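Undergrad: Sequence:
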Amino acid sequence: MKQMEMLNKLVHDWNKRELRERRILIGVGMLVVASLLYLFAVQPAYTNIKDLENSTPALKLQAANMANMASQYGELSKTIAENIPPITRETIESTLARRNIKTQSLTVSNDIVRFQVNVVAYANLMEWILEMQKAARLTVDEVKLTSLTEAGQVSAVMTLRQQRASN
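When the letters of the sequence shown are read in order and numbered with our numbering, they come out as residues 504 to 670.
Since the hints were derived computationally from the structure, they do not count as laboratory data. All of these numbers come straight from a predicted model, not from anything done at the bench. Cβ coordinates follow ideal geometry from the N, Cα and C atoms, glycine included. Be a bit skeptical, because a hint or two may be false.
As the list claims (entries may be wrong) - Estimated spans, in silico, between C-beta atoms of each pair:
{"no.": "1", "residue 1": "Arg592", "residue 2": "Asn571", "range": "53 to 63 angstroms"}
{"no.": "2", "residue 1": "His515", "residue 2": "Glu556", "range": "17 to 27 angstroms"}
{"no.": "3", "residue 1": "Thr550", "residue 2": "Thr662", "range": "52 to 62 angstroms"}
{"no.": "4", "residue 1": "Arg592", "residue 2": "Gln656", "range": "20 to 30 angstroms"}
{"no.": "5", "residue 1": "Lys647", "residue 2": "Thr591", "range": "43 to 53 angstroms"}
{"no.": "6", "residue 1": "Asn557", "residue 2": "Thr594", "range": "54 to 64 angstroms"}
{"no.": "7", "residue 1": "Val660", "residue 2": "Pro588", "range": "37 to 47 angstroms"}
{"no.": "8", "residue 1": "Lys563", "residue 2": "Pro588", "range": "34 to 44 angstroms"}
{"no.": "9", "residue 1": "Leu555", "residue 2": "Met509", "range": "15 to 25 angstroms"}
{"no.": "10", "residue 1": "Thr652", "residue 2": "Ser612", "range": "28 to 38 angstroms"}
{"no.": "11", "residue 1": "Leu562", "residue 2": "Val531", "range": "17 to 27 angstroms"}
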């Protein structure tokens, strides 16, 4: 009921005003609505459109640079992979022997290397893995390390895979 009373009071006050005053109030109300519409709808959209127009050339340049770098990476990775000789048992044995790592079993077939070491220094094994990653592009597929009672010594069973163009 209070709402109806307030509405009736507003209508009564509106009707008491002169025609000229009502026209001025309607004009001011329309001006306020148009200003709010512009402020909250038109102006942010216009600003975002201008920002997009300004940033589009830079984004296109970045996209072209990225596409160029991607094609260069593809060509480079093919070149690097082609220059890596296939891994052999002799290569693995010689690199392990240089680091005094004695394997219990060693298998090399189809770019996959599997070996077991009963006692090896952890740091020595990690250095060998890094060397093989750089020299022969070997990556670790599986590893099982077991800590031994001597400090820094581990037992390891590893599977490594050579990354080549065909992989």
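Undergrad: Flag every earlier hint the structure violates by its number, smallest first.
TA: 1, 2, 5, 7, 9, 11
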